[in-house]
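Knowing the structure of chain E, use the given hints to seat chain D on it.
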Amino acid sequence: DAGITQSPRYKITETGRQVTLMCHQTWSHSYMFWYRQDLGHGLRLIYYSAAADITDKGEVPDGYVVSRSKTENFPLTLESATRSQTSVYFCASSESPGTTGGETQYFGPGTRLLVL
Amino acid sequence: RKEVEQDPGPFNVPEGATVAFNCTYSNSASQSFFWYRQDCRKEPKLLMSVYSSGNEDGRFTAQLNRASQYISLLIRDSKLSDSATYLCVVNMYPRLGNDMRFGAGTRLTVKP
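Going line by line, the protein sequences match chains E and D. The numbering of the first sequence is this note's numbering, which starts it at 1 and goes up by one. The numbering of the second sequence is this note's numbering, which starts it at 1 and goes up by one.
Bound conformation, chain E alone (with noise of 0.2 angstroms):
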């Protein structure tokens, strides 16, 4: 049961260029979710998608991009990487609320990413 997966675990890029983060899911939750966590601030939602070609802004949406074509990926692209942007990203995915257990979310990983 491989559950949610994140790559690159570890990525450093430059200022400027684009990134992209994957996230995979194996257990066909409607419900994926990024965020990111930084000293002091806790986690933060980027985005979230409630079911495939449905996205949703979250907390800190400016300079992040997401697209859900499948329901077992959910790519975050950085179009032109900042260095404030360096934090340690998290993919989350859950079921619909509403149901048992709906509102639990289930975390990847983590990418650790520098921007430099």
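Treat the hints as calculated values from the structure; they're not laboratory data. This one's a predicted model, so the numbers in the text were calculated from it and none came from an experiment. Heads up, none of these hints are tricks.
Just so you have them, the derived chain D footprint on chain E, three or more residues with Cβ under 8 angstroms:
#1 41 to 52
#2 107 to 113
Here are the simulated DSS-like pairs of lysine-lysine, each with C-alpha atoms no more than 25 angstroms apart in a straight line:
#3 D/K42 <-> D/K111
#4 E/K57 <-> E/K11
#5 D/K45 <-> E/K57
#6 D/K79 <-> D/K111
#7 D/K45 <-> D/K79
#8 D/K42 <-> D/K79
#9 D/K42 <-> E/K11
#10 D/K111 <-> D/K45
#11 D/K45 <-> D/K2
#12 E/K11 <-> D/K45
#13 D/K2 <-> E/K57
#14 E/K70 <-> E/K57
The beta-carbon is built from N, C-alpha and C at its ideal position, and this holds for glycine as well.
Leaving out everything else, chain D in the frame of chain E:
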């Protein structure tokens, strides 16, 4: 004001101690509340949901006070393995979907 606030700690306690964490939230319409646990350099994992009547899971007890908009987590008989950061999580009802807000976390270290 942050939507979810927690005392960052760190809380340093000896094995066997009882420790309590509090969390306050600003959205009075929130309906779902959780505690997650995050080990160093790992992903968060659900510890327990918080029900309006309060709930207990072994050594862990969660309480909700809607009038004062705070949630608590009590850990009894602390173990070394309880050392972690504990995240308070609140949903953002009436926003649709599983839109949650995470507190910055309270760090706990249990010492021998």
